[in-house]
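Order-wise, the sequence lines are chains A and B. Just so we're aligned: 314 in this note's numbering is position 314 of the first sequence, and the numbers increase by one with no gaps anywhere. Just so we're aligned: 41 in this note's numbering is position 41 of the second sequence, and the numbers increase by one with no gaps anywhere.
Here are the computed lysine-lysine pairs in the BS3-like style, where the Cα-Cα straight-line distance is at most 25 Å:
id, chain 1, residue 1, chain 2, residue 2
1, A, K4, A, K278
2, B, K228, A, K423
3, B, K114, B, K176
4, A, K28, A, K578
5, A, K165, B, K220
6, B, K227, A, K495
7, B, K227, A, K423
8, A, K288, A, K278
9, A, K28, A, K288
10, B, K176, B, K146
11, B, K134, B, K146
12, A, K495, B, K228
13, A, K476, B, K114
14, A, K207, B, K227
15, A, K6, A, K287
16, B, K114, A, K456
17, A, K578, A, K287
18, A, K191, B, K220
19, A, K28, A, K158
20, A, K287, A, K4
21, A, K581, A, K287
22, A, K288, A, K6
Keep in mind that the hints were calculated from the coordinates and are not lab data.
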Amino acid sequence: MATKLKQVDAVVVGMGWTGSIMARELTKAGLNVVGLERGENRVPSEDFALPGIRDELKYRQRFELMLDNSVETLTMRHAPNETAVPMRRWGAFPLGDGVGGAGTHWNGVTWRTIPSELRLRSHLTERYGRGAIPADLTVQDFGVSYDELEPHFDRFEKLCGTSGKAGNLRGSIQEGGNPFEAPRQNEYPNKPMIMSQAGLIFTEAAKRAGMHPFPTPSSNNSAAYTNPEGMTLGACQYCGHCEYFGCESNSKASPNICIMPVLRQDTRFELRTHAYVKSLNYDRRAKKLTGVTYINRNTGEEMEQPADLVVLCAYPFNNVNLLLSAGIGRPYDPSTGRGVVGKNYCLQTMSGVQIFVADEINPFIGTGVNPAAVDDFQGDNFDHSGLGFFGGGYLYPTVSGGRPIQVRGVPPGTPRWGSAWKKATTEWYNHTFPINAHGTSYPSRTNYIDLDPTYKDAIGRPLTRTTFNYSDNDRKMSVFLTEKVMEIARAANAKVIGNPNPRTGNFDNISGQSSHHTGGAIMGTDPRSSVVNRYLQNWEASNLFVMGGATFPQNPGYNPTGLLAALAYWSADAITTKYIKSPGPLMQA
Amino acid sequence: MADTNVPRRSFLKGAGAAGTLAATVLTGALPRPAEAQSAPAPAAQPAPQPEPMLTLTATEAAFLSAVYDTIIPADALSPSGTDCGLVTYVDRQLAGAWGSGARMYRNGPFIPSKAEYGYQLPLTPREYFAAGIKATNAWTTKPYGKEFDRLSPSDRAATLTAMEQSQAQFEGLDAKPFFEALLQSAMEGFFADPIYGGNRNKVAWRMIGYPGLPATWAGKALEYRGKKVTIEPQSIADFS
Numbered sequence: 001m002a003t004k005l006k007q008v009d010a011v012v013v014g015m016g017w018t019g020s021i022m023a024r025e026l027t028k029a030g031l032n033v034v035g036l037e038r039g040e041n042r043v044p045s046e047d048f049a050l051p052g053i054r055d056e057l058k059y060r061q062r063f064e065l066m067l068d069n070s071v072e073t074l075t076m077r078h079a080p081n082e083t084a085v086p087m088r089r090w091g092a093f094p095l096g097d098g099v100g101g102a103g104t105h106w107n108g109v110t111w112r113t114i115p116s117e118l119r120l121r122s123h124l125t126e127r128y129g130r131g132a133i134p135a136d137l138t139v140q141d142f143g144v145s146y147d148e149l150e151p152h153f154d155r156f157e158k159l160c161g162t163s164g165k166a167g168n169l170r171g172s173i174q175e176g177g178n179p180f181e182a183p184r185q186n187e188y189p190n191k192p193m194i195m196s197q198a199g200l201i202f203t204e205a206a207k208r209a210g211m212h213p214f215p216t217p218s219s220n221n222s223a224a225y226t227n228p229e230g231m232t233l234g235a236c237q238y239c240g241h242c243e244y245f246g247c248e249s250n251s252k253a254s255p256n257i258c259i260m261p262v263l264r265q266d267t268r269f270e271l272r273t274h275a276y277v278k279s280l281n282y283d284r285r286a287k288k289l290t291g292v293t294y295i296n297r298n299t300g301e302e303m304e305q306p307a308d309l310v311v312l313c314a315y316p317f318n319n320v321n322l323l324l325s326a327g328i329g330r331p332y333d334p335s336t337g338r339g340v341v342g343k344n345y346c347l348q349t350m351s352g353v354q355i356f357v358a359d360e361i362n363p364f365i366g367t368g369v370n371p372a373a374v375d376d377f378q379g380d381n382f383d384h385s386g387l388g389f390f391g392g393g394y395l396y397p398t399v400s401g402g403r404p405i406q407v408r409g410v411p412p413g414t415p416r417w418g419s420a421w422k423k424a425t426t427e428w429y430n431h432t433f434p435i436n437a438h439g440t441s442y443p444s445r446t447n448y449i450d451l452d453p454t455y456k457d458a459i460g461r462p463l464t465r466t467t468f469n470y471s472d473n474d475r476k477m478s479v480f481l482t483e484k485v486m487e488i489a490r491a492a493n494a495k496v497i498g499n500p501n502p503r504t505g506n507f508d509n510i511s512g513q514s515s516h517h518t519g520g521a522i523m524g525t526d527p528r529s530s531v532v533n534r535y536l537q538n539w540e541a542s543n544l545f546v547m548g549g550a551t552f553p554q555n556p557g558y559n560p561t562g563l564l565a566a567l568a569y570w571s572a573d574a575i576t577t578k579y580i581k582s583p584g585p586l587m588q589a
Numbered sequence: 001m002a003d004t005n006v007p008r009r010s011f012l013k014g015a016g017a018a019g020t021l022a023a024t025v026l027t028g029a030l031p032r033p034a035e036a037q038s039a040p041a042p043a044a045q046p047a048p049q050p051e052p053m054l055t056l057t058a059t060e061a062a063f064l065s066a067v068y069d070t071i072i073p074a075d076a077l078s079p080s081g082t083d084c085g086l087v088t089y090v091d092r093q094l095a096g097a098w099g100s101g102a103r104m105y106r107n108g109p110f111i112p113s114k115a116e117y118g119y120q121l122p123l124t125p126r127e128y129f130a131a132g133i134k135a136t137n138a139w140t141t142k143p144y145g146k147e148f149d150r151l152s153p154s155d156r157a158a159t160l161t162a163m164e165q166s167q168a169q170f171e172g173l174d175a176k177p178f179f180e181a182l183l184q185s186a187m188e189g190f191f192a193d194p195i196y197g198g199n200r201n202k203v204a205w206r207m208i209g210y211p212g213l214p215a216t217w218a219g220k221a222l223e224y225r226g227k228k229v230t231i232e233p234q235s236i237a238d239f240s
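Could you put together the complete structure from these sequences and hints?
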């Protein structure tokens, strides 16, 4: 029997980027907010301190900061006619955990998105004609425009102190920035990071190949910075330990550095860690949530937390799992294409090639954010007529740290062990880096999320089942994008070029792929094809809002944090300026 | 078959018979790679005292020693895998939480499935290594009449190659993923911070020129750009 707690104004489930943004905006609007976080309470000065944080075995190989698979994992299968099996250990990607969530271990790559991705179905239909989109390509419009999100992208960049160079300032193309960028009202808060040798090689090669390179927008921070919340971030140390690691110099923006210190001081906010939300308590007749029930993981006790407003800010899988478990919204059925919850699950389509050069690369002096990128082949930045696919991505060199267990490129044909391997590793360790493509992942009818019928998590809830494989569209896209990577590689004066690896095989849980998961609780303007409306409010339960990558109808070819944070600010703005005054649906179905 | 009855003494001494001619104790910095390639192999030195094992049996330690000396042979670039501490490394890993299956989803049912879905056996890593070692030794005993660690260096290499290329069919265990687990453990032990027992004297970091800690390069990122950085590497232990 659950212990019933005192009613609060709002409960936020999950304290990563969107949870901390939402908790901050709601408390500022005068609401009493409880933040429930399943994992640890993390204190950077304690948990991310030198020397122990520079431990590749512990944090990269053993995933110390990540979700423990024995607490919860996913099951996987390629197609609806297979039996899914659990990911017993992370292979394709790890998922975040604890206060800060994925915002603790991210690399800090902070993109906006191009406007066409936000209205993809409309855009492709307008440009390529009715019928140009194949039936299996279930792309949709987000229901919110770039112009509406622009001030919210801006807020997130200012929260993080993002370092970069504007490419399009209020419609005027800027030298040195990304010429494909949508118009921005303001420059980045910080100047670009120091460009590494690999960044210089890439930049010159991309120019020779006729492309338009620019410094990648980075929340690793080129200089100390105080954000509008009054929080001070340090300058990046180029330590090469961003992804999988916490940041000891407080320079990589994260919820723990940018927002949590303010919330921890706020009497309207209460953080409860080790609180594993078990269910959404749904009054079907009233079409309202009455609150949530969680397990206190320290004591095993079941607690019921009544709330007027519930905001799901957990990872996409958990947000979707909670909706499906509560029976809120019709589950997606791949055989009919009907239903919405779990629909349009997407990943990211990654590929690349290793190049070997004469230059000293010093891969250990690096940041999580790739130093440079080109956006010429992003989304629909180029004409897709006759190509047989839609989508694209940005191209970039990866030098995010020379951590030697993981980062050791050797030329094709080198054995994987023995004296010849040792010799090649020694010769090339400091003279190689990959050029990669970070591609769109567009939805298909058979890629979706539901509840696993067999496997359970540590508190007895069904695991989330993923049914996913790379679609024909995305494989063709990856072949195209990888060839563009090769154009840069061939222009880079490389001594050796490795074998390109376009994403033409099956999805697997062995090789690292991407932890950018989207979809399952997608946003839109029609309840028959979306789970939440354009304000991220659930169509059925109007006091339930869902944040994060789960709301993307498709995954643009950008790292998702910038977009999901902007959407959180956009939704918070609608809640605090409209919903609180008059609770109820913000859009009519 | 006669020598299979000889009790294994320490895995280090056993390994010596199979050709760790260049076994060495690292007391100082290795030569830089450029010099190393023209320099003769480090001279043979007395083997370190055998370290007590936390979990590995003598047979298992001898097997892993032979595997690691094949994956990382002693040559001008580094001592053998065993002399770099890899058996100590894997012994500690298998004896600890990771070896016991911590942070691993271990609920059934355990369904044979596509290799692409990753590891699906009910065994913990400790149990998996035990099973893999038994299966490999049983397999080599058929053609060679000997367990793996008693094979010549070339037969050891041929065995690992057969496993890597899925040509070896083991009884009750898939050879290829076990090979991958062995290779992964070798690379982890060789390149991880020396606090875990491998990478003794930061030998692997010196070999490739990885400077280790503290990696606070803010003032140097421009100065060192495109230039060779020659720094004595430092471990977590050097700051503790």
